[in-house]
Amino acid sequence: MVPFHFGSPERLAFGLFHPAAADSREDRAVLLCNPFGQEAVRSHRLYRVLAERLTRLGLAVLRFDYHATGDSPGADEDGDIEGWVGDTRLALHELAHRSGSQRIVCLGARLGAPIVARAASGVPGVARLVLWDPIVQGAEYLALLRVKHVESLESSYSLADPQWRLRLADDPEAFTDEAIGFSLSARLRQQIRKLGPHNLPLPPGIDVRVVAHPEDSAVATWFAPHANNPRRRLQPLAQSFDWTAEESRNSPLVPAPALATILSTIRD
Amino acid sequence: MIEASERIARFGPDDHLIGIVTRPAHPRPDAPACLLLNAGVVHRIGPHRINVKLARALAQDGITSIRVDLSGLGDSAPAAAAVHSGAQVIADLRAAMAYLEATEGCRRFVMFGLCSGAVNAYRLALDDARIVGLLMFDGYVYPTFKTHFLRRRARVRTLSWGDLARKPAQWLFRKSKAVAEAPESAGSNDEHLRIPTRAQFGQAMDALVARGTSVYLMYSGSFLEGYNYDNQLRDGFRGAKFLDGIRHDYVPDIDHTATSLPAQRKLIAAVRDWVQGVAVAAGSKGSST
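Just so you know, the protein sequences line up as chains E and C, in that order.
Residue 108 in this note's numbering sits at position 108 of the first sequence, with consecutive numbering throughout.
Residue 1152 in this note's numbering sits at position 152 of the second sequence, with consecutive numbering throughout.
Errors might be hidden in some of the hints.
As the list claims (entries may be wrong) - Only pairs whose alpha carbons sit at most 25 angstroms apart, straight line, appear in this in silico DSS-like list of lysine-lysine: (1) K1285(C) with K1241(C); (2) K148(E) with K194(E); (3) K1241(C) with K1146(C); (4) K1053(C) with K1266(C); (5) K1053(C) with K148(E); (6) K1266(C) with K148(E).
Treat the hints as calculated values from the structure; they're not laboratory data.
Whenever a hint applies, use it, and build me the whole structure from the sequences.
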């Protein structure tokens, strides 16, 4: 594993390159794109395990933190989707350069899904997108983050403040500028709110695999027009991942069914 | 834009450990460097990225820091040698200090540890005189009679009259299994992981204070069962020598992982204030880092 920084001096990102096993005959490499905020912290372990499994199977992997997230420079408030799309394009170039691979598979989980779908459009060498529990309705996602933020407060403090629930119900502006420990700037909220099936096109010429809970109606609706396209496939995954939970909560950080499904969806 | 630079550190046997060094643009002479530890299984950025935010805030005060992944955590590889995890933690943190000494000339250190990080920091501080400052956020707790009384009173206040009618009185007054019924020296066979008894903890604090180590114990609003009022420490260790030599605060508006942004700001401000105090003391002694 090789940690490094990439990008311009004004906009650096932190990356971790996992070279493929030495005897690999694979010509594919894999880019892992993070979700947002607590979901990214939560999935760090899973991404590491996934990367190590893939390298043993002969695929080089790049993990990275978008600017203003994780170990990358920048404060939470500096994060925005357009910038993260640009970071992802740079990461694609880095991976191609470091691995020498001609074909790249990208995994984007949650908010990472619309980001990588945009970033991969028109980039030569991207062979497949794997979109895991993709955010396809930005407004619904923001609403979910508000609820999960209050739930996090309630579970973390010994004595929950009843006002939190009241404010959540009565004040639509309450708990909108932060989400489970991370700042949500007005600009980022606006960008997320705009996300919807109408502006989440799947890039032409690239295989797309969508992994989602079978009862995720938002994803089902968004995917319906693509159902007959042989280059698009919806892979149900009932036991997925508890994206927003704190690490200390009693749910698995690396659930075996999710790991197995994502591995096979990347490789098949 | 922070007035600092960050670089990736590989250190330890076979460079199996990873960390990020945050170096201020204008390092403060004689100031100790800060070690930022893993909290539970969260990788080096800390819960809600608190270690990153803290590192950059400390850099504004001229303080160098390193946030590290211990062996097997985050992006660090497991250790090759088979030793108890507690001993491995000590070895890992000493490797981080050796790295900072070799690359930045740092010879004195302060540590910020949250939850399991607090426990690890405590163990190293007792073992290594280069640690001149120890901040334990939600470390060991020693409840008093008043703690139990306040816990029960607080719980009762959250109940409706209907709840009170349904709950048997025994429920309200039973002991907390997590705290009151646990043996004080519970733990594993790994000596490093045993919970110190009240007497052992008091002796440890006495030793640190006698050595001149600055100790700051912070307790959040997440442990009603264990620590729930100002000066609980003073009640729990009545008459102990160390009490006038350390700083301790109950901060009920900060939760265990600093979830809200106001809680993060308050925690970071408190840590900065404390580290600056340690740096001033180190400077007045003519110490060099």
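Each hint tested on the structure:
no.	hint	verdict
1	K1285(C) with K1241(C)	holds, 23 angstroms
2	K148(E) with K194(E)	holds, 20 angstroms
3	K1241(C) with K1146(C)	holds, 22 angstroms
4	K1053(C) with K1266(C)	holds, 12 angstroms
5	K1053(C) with K148(E)	holds, 22 angstroms
6	K1266(C) with K148(E)	holds, 22 angstroms
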